[in-house]
Amino acid sequence: MTRARSAQQPLHPPRARTGAPRPAGGRALRAGVLAAVVLGLLLPIAAGLWETLRAAFGHFPAIGATGPSLSPFAALLATPGLGQAVALSLWTGFAATALSLLLALGLCAVAHARLSGSRGARLLAPFLAAPHAALAIGLAFTIAPSGWIARVLAPLLGWDRPPDVALVGDPWGLALIAGLAIKEMPFLVLMLLSALTQIPLREAMAAGRSLGYGRGLVWMKVIVPQVWPLIRLPVMVVLAYSLSVVDMALILGPSNPPTLAVMLTRMFSDPDIFALLPASAGALVQLTLVLGSFAALLAAERVAGAIGLWWIRAGGRGLTAEPILRGAAGAAAALLALGALAMASLVVWSVAFRWPWPAPLPESWSWRAWRTASGGWDSAVFNTLVLAGLTTAASLVLAIAWLEGEDRARRGRAGWAEALIYLPLLLPQIGFLYGLNVLFLRLGLRADLFAVAWAQALFVFPYVMITLSAPWRALDARLPRAAASLGAGPWRRLVAVKLPVLLAPMLTAAAVGVAVSVAQYLPTLFMGAGRVATLTTEAVTLASGSDRRIAAAYASLQAALPFAAYLAAFAIPALAFRHRRALLGGAA
Amino acid sequence: MRLTLTTALVAAFALPAAAQDWQETLDAARGQTVYWNAWGGDGRTNAFIDWVGERTEDRYGVTIEHVKLSDTAEAVTRVVSEKAAGRDEGGSVDLIWINGPNFLAMKEQGLLHGPFVSDLPNSRHVDLSEGAPATVDFTEAVEGMESPWRLAKFVFIHDSARVEPPADMAAMVDWAEANPGRMTHPDPSNFMGATFLKQALIELAPDASALQEPVTDAAWETTSEPLWDWYDALRPNLWRGAEAFPENESVQHQLLNDGEVDISMAFDPAAAASLIAQGLLPETARVFVPEGGSLGNVSFVAIPYNANAKAGAMVVANELLDPEVQAHMQNIEVLGSYSVLDPGTLDAEARAAFDALPDAPALPALEDLGDTLLEPHASWMTRLTQAWTERYIR
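Top to bottom, those sequences are chains A and B.
Take 1 as the starting number for the first sequence in full-length UniProt numbering and just add one per residue.
Take 1 as the starting number for the second sequence in full-length UniProt numbering and just add one per residue.
Just so you know, not all the hints are guaranteed correct.
To be verified - For the chain B half of the interface with chain A, some residues (derived, Cβ under 8 Å), not all of them:
#1 Asp174
#2 Glu177
#3 Gly181
#4 Glu247
#5 Leu280
#6 Thr385
#7 Thr389
Said to hold, decoys possible - Only part of the chain B face toward chain A is listed, based on derived beta-carbon distances under 7 Å:
#8 Thr72
#9 Glu74
#10 Pro236
#11 Arg240
#12 Asp342
#13 Gly344
Unchecked claim - Counterexamples of contact, computed for chain A against chain B with all Cβ distances above 12 Å:
#14 Thr66
#15 Thr79
#16 Val165
#17 Val168
#18 Gly315
#19 Gly327
#20 Gly412
By construction, these hints were calculated from the structure, which means they are not laboratory data.
Even glycine gets a Cβ: it sits at the ideal position worked out from N, Cα and C.
One chain only, chain A, in its complex shape (with noise of 0.2 Å):
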């Protein structure tokens, strides 16, 4: 019922609509939603970016440099493995969003009919919930040449040792764009599914088959032209975030040269505190690297624009399309099947003893890995969930705060407020965080948990209000309007009517958030000076380490507290609602 109404809805809706005046009210809610995200999540971003452009100049005073000078870039561009670096970097961002958008596109085109928006974010939970470091630890055991698959392999093929082949930390970074592949594929599938309640997908279908073109080829021609607009955001997002993804890019990136944001990360951590110039240098070149590749995206929409449009008009029809879709969607379900396997042997290793090659199950098991993790994992289990809990409260506030005054300013909202929203997603993290830090600390703020949860919110109040804008919208206006006619003021109809009705999706998105939340790594190792340890940093610290047994507790925890908020976010509105079909969303 709420698919076929939205259905109607375009994305932003008209700005008037008729009913009672404007309530005053809604202006100042309006001016508080905007000076909180002004000043709590812009000005910082400006901040951190002017004192990363300042370091990067060669201006630093604390420690003793005064610019502006060019020597950071100099001596950035003396950094050996710079120019593979920055190579790397574009080719695993860009072949991993595009593997994800093709293949999502794919799974979306053949089974977008049995899948609803709701019963697509159950399937694609796990993968949704598994924080980036976790599933890349799990993979990296899976597919490595002594991994999982070889294991069960080996006796069959008659390896006595693992062959000598670099499946993780490859120099092409395969491993990485697979494992981004299948973090950022369940979103973007996603988000194409709510994109495509929002067009007529079955009228389009209906008229495309009519004249004779083939499911494929319709979906080719006629369904992504009109879903791509909607989804152009998201796509950006991916591209950003592959591009300068550092936990991922530590386990299952190649190592010499890595990526360039392993490498700025880590010279920015050196202990020879003037490797912050050329970091701060490279964190510009990091940016550029992401805005130039924004620059790209847009220029390949228009030529695919008319490459797509000439061939529309040639008209081809038939089934030539239908095994290109077969393939893509059996693809994705293979990636998911490998995180689904990650996932899977980060558990089978945290309660191994003893598991050398080539055995397919470790010799002995024990769960000393849990017992010797819990004089530290107890603590880090803390801190994470304070942190998921402080951020994903003050997100989803926030988030409910902005679209109640969309509501009550009867407007859509404005294309700079939804850039305003996107734009932590859009910056490279390493671009502004440092400098950041310095502010705080010259502020004289210290490193520690408020920092962090500062830091963390940047990131998760995006995902919380990307989250909850579509279903927010989709909400019956008869019922605040029944309410209004019954007597009921602005925040009545708030509190007794629609947050009731939206309890599912403002579940749904705080599980996002504390998802989010757990997953960030380069916020909480930056803003907490290494001294706010959660699961997340502690797992990709272990990750290096020898104990992959320690390692797999930590990041079966890590992927367990999102995973738990998720099953919550579905459980409670069903308990909740179990009499009241209706209010279950679309899982009706």
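Once you have looked at the hints, place chain B on chain A.
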């Protein structure tokens, strides 16, 4: 073994006076808390430090507070800034686990208390004759400013069920040719990777004594040339064609356990036995040492000049040299670190304590470990890793 004239003299004549001085130290130490700044990255070492603390508290009323560092340089920086702030007494650091460049920095800047080692009664169990391992730290003379407590020695680990190890570094080229892709070393930006190159540098150098002096361009040219010839021959047969290297020795141990390589390395002769006991290596893992011996160094403890609990720190340093403590430390189930004591100076009871230590099949006998090669001057290591990066990463 070697009982030098000095130690003999100390033993014969100086003991009564020294014993009286030591009693004064013990009296002063009672009730003190020693803030021992020590790298905290190893759980077994941390547990050992706790154990020592319980012991000094029981016996001398000295409490140990382990300040866990992620890098020893943190403690050095703390003392430096205290000196800059004019805090010449009541400093926050009482004892530091230290060696190499950090020791050199503190000694050169006059940040250390001492000499104090010969005042420790248990130093009579340590070979302090000139040139003995416990008297030189990365070519810098110790001069009684830091007291030894555990031995570190570079060893290789291999899986004896799988391969026969090469005899020395030079033989590694043929070994790798016969077993292509089956060996590697940690990235030279890592301490262990640099140590691997240093081990080869010493073995292959035409004149290894040049390494004991600070590096010069001329010495660099002649000394490093054979190393690069050797490495160029070895490189094509390294794991992954030398395109990738494990980040550190822990990762390489994992590669050994995964069967991806046949050789790993460690700075601890008990590493193989310890890793087996922890389930991290197959039970057939064993250590081996190149025929000409391997790099070794000693871990020391030093007392900052402004330490608040100098007497307590000396009591802890002395306790660390107690034969019972050293035997406990060498126990494979505890730490498995080799003792710094000279067995010749021990009485029958102490020797029995060492002999009674549980054995593990992967634990090498002391005589199998060969000679200990001295660490080159610190400048060589810097130059070596730089040169490696310039040659092979572009």
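Status of each hint after checking the structure:
no.	hint	verdict
1	Asp174	violated (18 Å)
2	Glu177	violated (14 Å)
3	Gly181	holds (4 Å)
4	Glu247	holds (5 Å)
5	Leu280	holds (6 Å)
6	Thr385	violated (12 Å)
7	Thr389	holds (6 Å)
8	Thr72	violated (11 Å)
9	Glu74	violated (10 Å)
10	Pro236	violated (12 Å)
11	Arg240	holds (5 Å)
12	Asp342	violated (33 Å)
13	Gly344	violated (37 Å)
14	Thr66	holds (22 Å)
15	Thr79	violated (10 Å)
16	Val165	violated (8 Å)
17	Val168	violated (9 Å)
18	Gly315	holds (50 Å)
19	Gly327	holds (31 Å)
20	Gly412	holds (50 Å)
Of the hints listed earlier, those the structure fails to meet are numbers 1, 2, 6, 8, 9, 10, 12, 13, 15, 16, 17, in rising order.
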